[in-house]
Each structure stands twice: as C-alpha cells, then as structure tokens.
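K.L.:
Chain by chain, the residues run as shown.
2 protein chains.
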Amino acid sequence: MNETVSLLMKHRSIRKFTSDPVSQEQLATIVGAGQMASSSSNVQAYSVIAVTDQGLKSQLAELAGGQAYVAECPVFLVWCADLYRLKQASAPYIGDKASYEDSVENFTVATIDAALASQNAAIAAEAMGLGVVYIGGIRSRIQEVSELLGLPELVYPAFGMCVGVPDQEPGTRPRLPLAAVLHMNGYDKEETVQQVKLYDETMVNYLSERTGGQRTTSWSEIMATRLTEPVRLHMKPFLEAKGFMKQ
Amino acid sequence: MNETVSLLMKHRSIRKFTSDPVSQEQLATIVGAGQMASSSSNVQAYSVIAVTDQGLKSQLAELAGGQAYVAECPVFLVWCADLYRLKQASAPYIGDKASYEDSVENFTVATIDAALASQNAAIAAEAMGLGVVYIGGIRSRIQEVSELLGLPELVYPAFGMCVGVPDQEPGTRPRLPLAAVLHMNGYDKEETVQQVKLYDETMVNYLSERTGGQRTTSWSEIMATRLTEPVRLHMKPFLEAKGFMKQ
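Sequence lines, in order, name chains A and B. Per my numbering, the first sequence starts with residue 1, numbered consecutively. Per my numbering, the second sequence starts with residue 1, numbered consecutively.
No lab work stands behind these hints, which were simulated from the structure alone.
No copy labels: a pair is met if it fits in one copy or bridges any two.
The calculated DSS-like cross-link candidates involving lysine-lysine, where the alpha carbons are at most 27 Å apart (straight line), are:
id, residue 1, residue 2
1, Lys197, Lys97
2, Lys189, Lys236
3, Lys246, Lys97
4, Lys236, Lys246
Generate coordinates for the entire structure from the input sequences, incorporating the hints supplied.
P.N.:
Shown next, in the form of structure tokens:
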C-alpha cells in the first residue's frame, strides 16, 4: 500500500506527549499544509490560533473540561470558522449593500473550510512523526474560550487540536463497517442500521479487551447516553450573538 | 520534504477526467481512509453516497448548476452529515427520554465529522494518482438532491466530490499568506486584514497571468460579490425541516 494511505490508516489520537517542542518551522509546515486543502469558492473562511503560552494552555485545558493534555502538549491549535476576515476585506466594495455573512449557508461553508484545513494539518503533523488529538471540549465554555483568545464577531472556535511528540502508543480504534457509511447510488436505511449491530459486537469486544472486561457497553448504548445529554445547548445563542446563522 | 507533506502541498482541484473507471477496490480504500479520520466522541456522524449510475450523475450535474464534470467523473461522492444512523441505533436505549439530535451542537459535530472524513478520502485518492474537486453546488438545490438520493431525516448532503483520473494539470492556486490565517496566542485583527492586501496583489497577478490580462479583479472584490449575493438562503428552513439545528 502507498505510504500516504498507510499513514492515514494508522491514525490514532494521542493524549500524552513528550516535553519536546514543536518548532516554528514545523508549525509553519503543518498550517501551510492545512492551507492547501480545498476551500469553497476560495473563501478560506477559517483561522487557527496556535497557543504556546503555558498560562493560556492551562486556562484552555480547564475550560475544555479539565483535559490535562491541552496544557501538556507543546502547541495547542484552536481551529476557527472565520467570516470576519472576509467581511473586513470586502467591506470597502460592499459599501451599504446588504450582505449575507450571517446565513446558515456561510456558517456551514466556514465550518467545513476549517475542518478541511485542520485535517490536512493533522495529516502533515502525523507525517512528520508528531501526534494529534482533536478537542471538541473547547465548545463547552465557548464564550470564555473566545474571550481568552480575543476572537472578534464572525469567528468561532470550532475545535482544538493538541500537537506534539507522542509519548504513548494507543493503537487504532475500530470504525463502523464500511457498508455502514458507504452507500451506492442512494441511501440504504436498513443496511446502515444492520451494520451497526456488527459494530456493536466489535466494540463490546474491543472495550472489554482494553478494560479487562470492566466495560462492555455497546456503541449504540454509549451513543444513546450521548444523545440524551443536553450537551452545549448554548451553541445556538452563542453563534447567533457572534453574527452567525441568523438567516 | 516528506512524501505525504509534499502530496498535500501539490493539491489542485481537477475538473476534467479521463474515461478510466475508479475500481470498487479503490473506492473502498478511499472511503476506508476517510473512516480513519477523527470523529467527535466516536459518533462517526456522516455517510457517503457513491454515485456511479450515469443517469443519476447527470441529474446531479444539472442540480449542481450544470457542472459537466459531475456527470463526466466516474464516481461522484456525496458527503452527508448523518445523525439518522445515530438516532436509529440508540433508539432502543433512549425509549421515551428526551434526546438532542436537533441541537446546533450536534449539527456542527456531524458537519465537521463529514468534512474530516472527506478530506482524508481526498488525500487517499490523490495519493493513488486520482484527482478530486469538491462540489458545494449540490447545496443549491439541496431538497431535490436529497430526494434523488433518498436521504432520510437527520441526513443532509454537505458537499459532493468528483473523483477520477486527471485529464488536466491546472497547477496549484495561491493561498492567503500564512500570517493571514495563523495567529500566535490570540487573534490579531489588524494583521489578518493587512495580509489580505498582499494576497490581493498576488491574486491579481495570478488571475491576470492565467487569463492573458482579461481578469484582474482582486480577491477582496470577488469576495464582496460573493457576500452580497443571497446564496442558498433555503439552507436554514431546509435543515430545520430535516430535523437539524432546532435548538
């Protein structure tokens, strides 16, 4: 198999890092690779805040729900959907015409742009022997995270990413069967749900092995717990207050 | 530079394909690599519809605004944010408890999951010598696209992706300067807007060279045109009708 595909197949999240730094040159390569991802109509509607300041990282670790690795990694990247730059750059040409940066369409575009860039960056980091973990937890106290990083209107922190030299080897986690996510020429409702049953078995065995039999909850049951928790219901009012998704 | 980083840096969108097919094995590798991307709390809230049927591809090309390459590529992938599978799988455990699949948080999670998987898939395809182009145009008539592909509630087509053997070599497009998107330890409003001025010059020269001097519009001005067009304002009511982002 080719080297890049092989790298993609080996991805695992790293939550323990050595004290080795990530150099400014490595950071430039990582974010530069992120920039080469596709962008909707070339809007490039994202920004990334590289947090290296120890005090800031510690505060973000706390705001993310007490995730120590956010403080411990040498660089914590905060990937933001960013329509602010677009709005500012085009303002002289817009004048007093109506503009639509507050549409759900543009919110979606900016969120996707940020995610595509971040994934390229993650792969570049891994290709250089570094490890990463995505941190959705920064959305738990998103208002405070935004204030801490000085994010203006039309910018929101979509997720964070710890980057550093791995100090653990956790191995890959099984994914849903291919047939659960890949549909040919139309969505197959029955197949996708059938395949979940196979995955439930896989994950029960995987969890059981990893915990010496202590955890045997199926994926479906874990997902039910997740769906029934009122997680981050502040997102809608927060995003609207930031100027997003009003129409 | 390492092989994978070098591949990432060479990305360009391909809009002309040879008649060579993409094999089922290649498709499995591409989507399998997509599956290895990170997923928020392992929800894997995305699906991909691989469209190989010529009639369907032609209809999608039309619905995407008459983009011929959607019909001409051997495989058109429709990447969907998918909370349907999650809801169905967990339903037996949820019973009559309240659940929050309709939150903006879960909409965001599913959209990011779809984008991360798609970007891994794009890189796998390119690593195998194939070319891709993302197609946001499928959101222009998103209701009809959804019906054509039989997408159930809590599934929306976020974007498409043409995949095939490149029959052109368009070269890479210049991106914003690194300093426009990368901020150290906090958002720098002035720097990001200053950097756009440099990019405007770069893009005027780039466009001018490619069009023999016929197009010299700056990026900022192109962005102003884009922001002032009421593009896809149906997204909000469409997504709400599909069960997304009600709270």
